[in-house]
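Undergrad: Listed here are the chains, written in short residue letters.
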Amino acid sequence: MLPRAAFLIGLVVVVVALAVYPVFGTGYGVRAGLQMFMWIALAGSWNLISGLTGYVSFGHVAFFGIGAYAGAILITTAGWAWPLAALAGGAAACLLALLIGYPCLRLKGPYFAIAMLGLNEVLRALVSYFEGLTGGGSGLSLPTLDASRAIYYVMGGLAAAVVAATYLIVTSRFGLRLMTIREDEVAAEAMGIDTFHHKLAAFLLSAAGPGIAGALTARDQGYIEPISVFPLIVTVTMIVMALFGGKGTVWGPVVGAVALFVIQEIVWARYPHAHPLLFGAIIVAVVLLMPRGVLGLLQLRYRLPRTI
Amino acid sequence: MNVAVTPAMIGQVLVSGVLAGALYALVALGLALIFGVMRVINIAHGPLLMLGAYVTYFLYSQTGLNPFLAVPVAMVTLFVVGLLLQRTLVFRVVGAPELSSLLLTFGISIALVNLTQLAFTSNLRTIEYITGSWIVGGLALSKARTIAFVFAASLTALAFVFLRSTRLGKAIRATSQSREVAMVCGIDVGRIHLLTFGLASALAAAGGGLLAVIVAIQPEMGGVWTFKSFLVIVLGGAGNYPGALLGGMLLGLVEQLASLFLTTQLSEVVAYVLLVLVLLVRPSGLLGGRQT
Chain A
1 MLPRAAFLIG LVVVVVALAV YPVFGTGYGV RAGLQMFMWI ALAGSWNLIS
51 GLTGYVSFGH VAFFGIGAYA GAILITTAGW AWPLAALAGG AAACLLALLI
101 GYPCLRLKGP YFAIAMLGLN EVLRALVSYF EGLTGGGSGL SLPTLDASRA
151 IYYVMGGLAA AVVAATYLIV TSRFGLRLMT IREDEVAAEA MGIDTFHHKL
201 AAFLLSAAGP GIAGALTARD QGYIEPISVF PLIVTVTMIV MALFGGKGTV
251 WGPVVGAVAL FVIQEIVWAR YPHAHPLLFG AIIVAVVLLM PRGVLGLLQL
301 RYRLPRTI
Chain B
309 MNVAVTPAMI GQVLVSGVLA GALYALVALG LALIFGVMRV INIAHGPLLM
359 LGAYVTYFLY SQTGLNPFLA VPVAMVTLFV VGLLLQRTLV FRVVGAPELS
409 SLLLTFGISI ALVNLTQLAF TSNLRTIEYI TGSWIVGGLA LSKARTIAFV
459 FAASLTALAF VFLRSTRLGK AIRATSQSRE VAMVCGIDVG RIHLLTFGLA
509 SALAAAGGGL LAVIVAIQPE MGGVWTFKSF LVIVLGGAGN YPGALLGGML
559 LGLVEQLASL FLTTQLSEVV AYVLLVLVLL VRPSGLLGGR QT
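Chains as they are written, first to last, in this note's numbering: chain A, 1 to 308; chain B, 309 to 600.
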């Protein structure tokens, strides 16, 4: 019981510290905290579909981008308040996930992974094509508004919600069924699990977070363009974070996001052009050497429960 | 957009579609081989094509070699690269859950693209070796595309003869039909995997080299090709090698038709919609294939 109590106390301390930080923190610090929350939410969301069901999404940035565009368009043309626009961004991402997931998740095998790989290119082409609505290649500017501190809290809440949702799912029958699909989909079907609808539900859940995060980021940065909201590197980064920390666990994506974000800010910021090379190498190394990530290693060594 | 469509335009579209389709078939055959033999979808297939394009480009620009003669050199180079990749990394995930092989080849793919960017920058590069068109019966045939078509079609035919008639080709097909039975028959399955990956990389390199003669190349050109090659396999039916031919031609034609009636900007969207439709209506492919 003792380690569990220590863990909970530690968690409360960290949350309180993060909650009071903006009161005296610098503008840069708040912005960095906001980005860290964003990565936790993104890596955690990717984990919901890919970590739990084993269906790899190579295009999760699509939900981030569609959320950013939906939010930005609603703010600029319809004059929505940004928190409402953020929710709409999440809804838009879920709608897209339904469109893609319905045909691609009915089948076993790599169809889903490839469809997600292609989705990125398609959305970038579409956004550039429908210039009237999206501003095309020249981008979309939002009215100026300094809401960094407010967005910090909302993004933090989003990250917390993704982690909480993961915990609830992993400890539920729904989560067990998802993990059964990951381990053996045919056996899952034979046991009477409606695999298609379970996969689809997990996919919709995993799309909502990035959609909201995208809309929040668009509001925070005040300007978006196709290249800035659909970059492949965002997908790569969230995959690396979730894998490094430990896919299929509750805290793995959090550990991965915090560790890699901090290292990235301190060490790698000097070599921005080599990030993909480094991330590619980490993915290869993690898949071959520690497929369960940092948390998986700790779980094995210290006999930690599955639900961390 | 409201230009009247004349029979000549349709003819032109058909010809252009077939010219492009042979290249799709050639590249997709490589991806289909790896998938058939190892059950691995090689996300790095497109980036390997890109490497083939760069080898061809540099042979042409540095040594002045005829680019069509540089293509075989690129194939040999990428054959070796493929062997090394399979020997060091990919063999470890053969037979592992699909997630592992997808992620591993994805990691290789972004590392290869980034390495190329660091080494050669992201600048567009072109081989201006052959320009202009032949006019045949009122149809314009781009010289570069027509010669590339002849190469692609011959290489694809060669690959099929190899698979059908040689002992090694038969061993590859046997392994893709049943790994265990192939082993029992005395086939060294590990060696077949190695050769298949090398061969598939060489086919991708051929596609890349021919592409370099037709269009400008840059390090990120490969991603779309992984996707399109997969689409070609889905159209033809997974595990059905001749299906790749049909799938390639079909994709070429559909894209050309789309550029006639819509716009070339949306050709990737059209390919995507095609994939989704096929998955909805006939997931086993148009010719039917082995279920995965």
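Worth flagging that the hints you see were computed from the coordinates, not collected in a lab. Be aware that a few hints might be false.
[Said to hold, decoys possible] Below are the SDA-like pairs computed for lysine to any residue, each with C-alpha atoms no more than 25 Å apart in a straight line:
id: 1; chain 1: B; residue 1: Lys451; chain 2: B; residue 2: Phe399
id: 2; chain 1: A; residue 1: Lys108; chain 2: B; residue 2: Ser592
id: 3; chain 1: A; residue 1: Lys108; chain 2: B; residue 2: Lys451
id: 4; chain 1: A; residue 1: Lys108; chain 2: B; residue 2: Ala461
id: 5; chain 1: B; residue 1: Lys451; chain 2: B; residue 2: Val584
id: 6; chain 1: A; residue 1: Lys108; chain 2: B; residue 2: Cys493
id: 7; chain 1: B; residue 1: Lys451; chain 2: B; residue 2: Ser592
id: 8; chain 1: A; residue 1: Lys108; chain 2: B; residue 2: Glu488
id: 9; chain 1: A; residue 1: Lys108; chain 2: B; residue 2: Pro315
id: 10; chain 1: B; residue 1: Lys478; chain 2: B; residue 2: Ile455
id: 11; chain 1: B; residue 1: Lys478; chain 2: B; residue 2: Val497
id: 12; chain 1: B; residue 1: Lys478; chain 2: B; residue 2: Phe399
id: 13; chain 1: A; residue 1: Lys108; chain 2: B; residue 2: Gly403
id: 14; chain 1: B; residue 1: Lys451; chain 2: B; residue 2: Arg590
id: 15; chain 1: B; residue 1: Lys478; chain 2: B; residue 2: Lys451
id: 16; chain 1: B; residue 1: Lys478; chain 2: B; residue 2: Thr454
id: 17; chain 1: A; residue 1: Lys108; chain 2: A; residue 2: Ile193
id: 18; chain 1: A; residue 1: Lys108; chain 2: B; residue 2: Ala482
id: 19; chain 1: A; residue 1: Lys108; chain 2: B; residue 2: Val402
id: 20; chain 1: A; residue 1: Lys108; chain 2: B; residue 2: Ala524
id: 21; chain 1: A; residue 1: Lys108; chain 2: B; residue 2: Val492
id: 22; chain 1: A; residue 1: Lys108; chain 2: B; residue 2: Lys478
id: 23; chain 1: A; residue 1: Lys108; chain 2: B; residue 2: Leu588
id: 24; chain 1: A; residue 1: Lys108; chain 2: B; residue 2: Phe399
id: 25; chain 1: A; residue 1: Lys108; chain 2: B; residue 2: Arg400
id: 26; chain 1: A; residue 1: Lys108; chain 2: B; residue 2: Gly319
id: 27; chain 1: A; residue 1: Lys108; chain 2: B; residue 2: Gln485
id: 28; chain 1: A; residue 1: Lys108; chain 2: B; residue 2: Val577
id: 29; chain 1: A; residue 1: Lys108; chain 2: B; residue 2: Gln526
[Claimed, not checked] Where chain A lies over chain B, by a calculated footprint (3+ residues, C-beta under 8 Å):
id: 30; segment: 378 to 388
id: 31; segment: 562 to 569
We put the CB at the ideal spot given by N, CA and C, even for glycine.
Undergrad: If a hint holds in the structure, say so; if it does not, say that too.
TA: Hints versus structure:
1. Between Lys451 (chain B) and Phe399 (chain B) the CA atoms are separated by roughly 41 Å; this puts the pair beyond 25 Å, and the hint is violated.
2. Proximity of Lys108 (chain A) to Ser592 (chain B) is assessed by CA-CA distance (about 12 Å); at most 25 Å being required, the pair is judged to hold.
3. For a cut-off of 25 Å, the pair hint linking Lys108 (chain A) to Lys451 (chain B) is broken: about 43 Å separates their Cα positions.
4. Straight-line distance between C-alpha atoms of Lys108 (chain A) and Ala461 (chain B) comes to about 33 Å, which puts the hinted pair past the 25 Å bound.
5. With a C-alpha separation of about 34 Å, the suggested pair Lys451 (chain B) and Val584 (chain B) falls outside the 25 Å cut-off, and the hint is violated.
6. The suggested pairing of Lys108 (chain A) with Cys493 (chain B) is violated, with an alpha-carbon distance near 30 Å, which exceeds 25 Å.
7. Note on Lys451 (chain B) and Ser592 (chain B): the hinted pairing is violated, with a Cα-Cα distance of about 37 Å set against a maximum of 25 Å.
8. At most 25 Å may separate the alpha-carbon atoms for a hinted pair to count; Lys108 (chain A) and Glu488 (chain B) meet this at roughly 23 Å.
9. Of the supplied pair hints, the one linking Lys108 (chain A) and Pro315 (chain B) is violated, its CA atoms being roughly 43 Å apart against a limit of 25 Å.
10. Only pairs whose Cα atoms come within 25 Å are accepted, and Lys478 (chain B) paired with Ile455 (chain B) is rejected, the gap being roughly 30 Å.
11. Taken as a hint, the Lys478 (chain B) and Val497 (chain B) pair is honoured in the structure, with Cα atoms around 12 Å apart against an allowance of 25 Å.
12. For the hint pairing Lys478 (chain B) with Phe399 (chain B), the CA-to-CA distance comes to about 21 Å; that is within 25 Å, so the pair holds.
13. Restraint check for Lys108 (chain A) and Gly403 (chain B): the C-alpha separation of about 16 Å stays at or below 25 Å, so the hint holds.
14. For the suggested pair Lys451 (chain B) and Arg590 (chain B), the alpha carbons sit about 37 Å apart, so the restraint of at most 25 Å is broken.
15. A distance of roughly 36 Å separates the Cα atoms of Lys478 (chain B) and Lys451 (chain B); the hinted pair therefore is violated under the 25 Å criterion.
16. Pair hint Lys478 (chain B) plus Thr454 (chain B) does not hold up; C-alpha atoms about 31 Å apart against a cutoff of 25 Å.
17. As the CA atoms of Lys108 (chain A) and Ile193 (chain A) are separated by approximately 14 Å, the hinted pair is consistent with the 25 Å bound.
18. Distance hint between Lys108 (chain A) and Ala482 (chain B) is fulfilled; the C-alpha atoms sit about 24 Å from each other, no more than 25 Å.
19. A C-alpha spacing of about 18 Å is found between Lys108 (chain A) and Val402 (chain B), which places the hinted pair at or below 25 Å, so the restraint holds.
20. Between Lys108 (chain A) and Ala524 (chain B), the direct Cα distance comes to roughly 37 Å. Violation of the 25 Å bound is thereby established for this hinted pair.
21. Between Lys108 (chain A) and Val492 (chain B) the alpha-carbon distance is near 29 Å, which puts this suggested pair outside the 25 Å criterion.
22. About 28 Å separates the Cα atoms of Lys108 (chain A) and Lys478 (chain B), which puts this hinted pair outside 25 Å; it is violated.
23. For the proposed pair Lys108 (chain A) and Leu588 (chain B), the alpha carbon gap of about 13 Å is at most 25 Å, so the pair holds.
24. Annotation: proposed proximity of Lys108 (chain A) to Phe399 (chain B) holds, straight-line Cα distance about 23 Å (limit 25 Å).
25. Of the pairs offered as hints, the one joining Lys108 (chain A) and Arg400 (chain B) holds, with about 22 Å between alpha carbons and a cut-off of 25 Å not exceeded.
26. Restraint check for Lys108 (chain A) and Gly319 (chain B): the C-alpha separation of about 39 Å exceeds 25 Å, so the hint is violated.
27. Note on Lys108 (chain A) and Gln485 (chain B): the hinted pairing holds, with a Cα-Cα distance of about 19 Å set against a maximum of 25 Å.
28. Under the criterion of a C-alpha separation no larger than 25 Å, the hint pairing Lys108 (chain A) with Val577 (chain B) is consistent with the structure, at around 23 Å.
29. Proximity of Lys108 (chain A) to Gln526 (chain B) is assessed by CA-CA distance (about 34 Å); at most 25 Å being required, the pair is judged violated.
30. Closer than 8 Å: that is the beta-carbon criterion, and the segment 378 to 388 of chain B has 0 residues meeting it against chain A, so the requirement of 3 is violated.
31. For the segment 562 to 569 of chain B, the proposed coverage by chain A is not satisfied: 0 residues have a C-beta within less than 8 Å of a C-beta in that chain, short of the threshold of three.
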